[in-house]
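The lines below spell out each chain.
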Amino acid sequence: MDYHTEAHTLNANASYSILPNWNVSTNLAFTVGHGNISDLSFASMYPTGDAKLDLDVSAVNPDMPHLYDVAYLNGMDKYSDLDYKEVDFTIGTSYRMNNGIGLNLNYYLYYFDDEDPYVYRDQGSTTQMLMGYVSYSF
Amino acid sequence: MLTAIFALATAGASTVCAKDDGKWYSGEIKAGATTTLQELHSDESGAKGGTEYNSPVGYKWTTYLGGNLEAMKDGFAFSADALYRDVYEQDYSGMVSLKRVINFKTDYSRFYHRLDHDYMDNLNAHIFPPASSGWSNWGSSPELADIDGGKTIGTANVYHTDLAPDELFGIARAEWKNKVDFNIPMFPGLKLSFNHRFEQRKGEDQAMTDSKCLSCHVVSNAQSINERTNDYSPKASLRIGTLAMEFSYLHREFDTSNEDLSVVYNGLKGKELFQNRLQYDNTTGELPFSRTPDSTKDSFKGKIRWDLNAHNIFTANYIYSQYTNQTVDGAYDILMGKFGDEIDLHSNIVNAKFHSKINRAFSFNLFGRYQNLSNDSVDIEKNVRTNPAGAPGGDVTLTEGYINNSGWSYFEEEESRSSGYDGNSYIVGTDLTWRMTRGIKFKFGYEFEREKRDNYEHHHVPKATKEHKFSLASDWRVNHNLKFDFDYKFEYVDDPYVLKDAECTPDGSYGVYAGLPAGLYDVERAYEPAIYGERTAARSNMPEYVHEIMVKSHWHPLHSLSTNFHVKYRYAKNSDVDGKDWKQNMVMAGLGGVLTPMKDLVLSAGYTYMYDSYDSQYCIAIYDG
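These protein sequence lines map, in sequence, to chains A and B.
Residues in the first sequence are numbered from 1 upward in steps of one, following the working numbering.
Residues in the second sequence are numbered from 1001 upward in steps of one, following the working numbering.
Hint data in this document are derived by calculation from the structure and do not stem from the laboratory.
Cβ coordinates follow ideal geometry from the N, Cα and C atoms, glycine included.
One should not assume that every hint holds.
Partial list, derived from the structure: chain A residues whose beta carbon lies under 10 Å from chain B [to be verified]:
hint: 1; residue: Tyr3
hint: 2; residue: Glu6
hint: 3; residue: Ala12
hint: 4; residue: Ser15
hint: 5; residue: Thr31
hint: 6; residue: Met76
hint: 7; residue: Gly92
hint: 8; residue: Tyr95
hint: 9; residue: Tyr107
hint: 10; residue: Leu130
hint: 11; residue: Met131
hint: 12; residue: Gly132
hint: 13; residue: Tyr136
hint: 14; residue: Phe138
Please model the complete structure; the sequences and the hints are all you need to start from.
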């Protein structure tokens, strides 16, 4: 059985002072992540000679004719597949007046894409926020 | 006085600095709001990424209120910081200093962590509903009587019950740290301190339990969480000439008032056959699960540092710790994790290090560490039940059944489980640093560790493990603009930690259907030896050999441009296991740069790559009975 995880992360930042008292900055982080189990397989082996364990259930599911068969576990490694994409983006500006009053405004984007949901189901989401505040320095 | 300091300081804080403009105080007040443009939906409550620890994203509007204040005058210094966004996201810190004789710091923070909801869909991995059942979702888990209801399919299969399927889980974590120092003017070098830390986890989490033999029926429910930790730690530091000493004591109290959850276990279809094989079923009524005992920790620490001269320094410390589980009364002690007695864990640790600078080119360290762990064994007394009169094999307990049929006592009605951590370990090592030139430096290291386990037979692990670690590191400063770091580590482990008798046979040949049992108490078809006895292969996820190499560089090709690059590769292997070798391959690499093309513009970018791969072997046993 093999298990591997892989992640690529890219980030970029920029900060620019348009005026001595006026600054604009932005930040971007982008991540792609993968993970999976592979090479996990079981040969067919099922109980015989027991009225309960050797029950013929082909009428219920022709693809799984025995009540128990170790080979039915094949494919469960798909539950381990992980495939994520994540973006965090921020842009903001701050302006400071001579009388100690400052203005600040920031925008946030959070994006998370869950391509292969597992037991916690789809954990993907997209949210955006806007934050603003006034400051006074003394 | 202390009360006044405390009241002032709990408003918040940062560092204190002298004011350039002659003012003895400065500060800032912030007021605003946050709005969520795209709200988090209820089905995204367990989302990862930027929302996992972000409380305001759960509201349309939240406030943004903050500020800081710094003041310094006549030997009195004060600073405070505060930020309030919503009831779950707050930060406050503060500091007061009185002529540096009394220094007080406080720090409080609170945040919210959205937790996952495990819908247990994976438990459907190897079951399928019979067409005649009419159940669209097997995981909706009807009662056993309904499952069995004339049908045989699935009675021994895994299914689950989620008693809170729509619940959203999350924990608010709060931490409050306080520290006060007294520098005694009459005794220079003497400092008395007292630290206090309070931590609280409050919210709702998902709790799980089994309610059938082994794990065939998994039940989950929502549980209100309220856990509190209090640390009290006095400390004394004294410096006399070249000798410095420090003594501290820690008392920790962990208390819980979590919701008491209970579950009714599944009933038994064949009571006459299986009553003596299960300790509990639905006839016992509600049984507790997911209980956490209160506990305490007491720890003593002593440290010394002796500067023999300007080039030779000796340091050492000793730590004694004791953990104790509290509250041991009541029925169903086993189910509540109490095991009939308080459980004590004891630990002693001694560290010592000698540093010597021989000359400008050479210096070395000698170091050692000894640790022992001694934990109470857990005594378990099982709930022994007797089959009803008229049952096949008679009205006997499980032990009596096996004795009557084969003379073999299989079931241990009482047993003592010793700790796998009991034992001792020591480390000795040295490293030598050689500054060959102004720009080239080498560091050679060797470390030997031996770990001895007291209860290795009970836990089927090696009696002792010896590790040899070699390291070579070098710094190469080519010029003022270019620098390289090279590191190589090799580790060899003799008798790495493996679990003996972990799974199937060494050649993986275990895969034979054992056939039908000869009778109700057929020893050969019991879990031991039918399952345990067939597991003879040793497995591990710990390495026997490790190679690790790392290269880092820093390059400043222009005054306005700096770059960095790093790559690390790790290869680990364990051939001291049966079957397929255990292997790990890991690569981490990254590059980044900062560009300042003009005074008012800063650009930076970076890329990181991570790859981690493991090879292992699994062997799965199928057992019915």
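Cross-check of the supplied hints:
For Tyr3 (chain A), the suggested interface contact is upheld, since its CB lies about 5 Å from the closest CB of chain B, less than 10 Å. A distance limit of 10 Å between C-beta atoms decides the matter here; for Glu6 (chain A) the minimum to chain B is near 5 Å, and the interface restraint holds. The beta carbon of Ala12 (chain A) is positioned within 10 Å of a beta carbon in chain B (closest approach about 4 Å), and the interface hint is therefore held. Annotation: interface hint on Ser15 (chain A) holds; nearest CB of chain B at approximately 5 Å, less than 10 Å.
Proximity of Thr31 (chain A) to chain B holds as hinted, the smallest CB-CB distance being about 9 Å (cut-off 10 Å). The beta carbon of Met76 (chain A) is positioned within 10 Å of a beta carbon in chain B (closest approach about 5 Å), and the interface hint is therefore held. Interface hint at Gly92 (chain A): violated, since its Cβ lies 12 Å from the closest Cβ of chain B, which is beyond the 10 Å cut-off. Checking Tyr95 (chain A) against chain B by beta carbon gives a least distance of about 14 Å; that is not within 10 Å, so the hint is violated.
About 9 Å separates the beta-carbon of Tyr107 (chain A) from the nearest beta-carbon of chain B, less than 10 Å, and the hint is met. A cut of 10 Å between beta carbons decides the hint on Leu130 (chain A): the least distance to chain B is about 5 Å, and the hint holds. Here the hint on Met131 (chain A) is kept, as its CB sits about 4 Å from the closest CB of chain B, short of 10 Å. Using the Cβ-Cβ criterion of 10 Å, the hint placing Gly132 (chain A) at the interface with chain B is satisfied: the shortest such distance is roughly 5 Å.
Nearest Cβ of chain B to the Cβ of Tyr136 (chain A): about 5 Å, under the 10 Å cut. The hint holds. A hinted interface residue such as Phe138 (chain A) counts as satisfied when its beta carbon comes closer than 10 Å to some beta carbon of chain B; here the least separation is about 6 Å, so the hint holds.
When held up to the earlier numbered hints, the structure conflicts with 7, 8 and fits the remainder.
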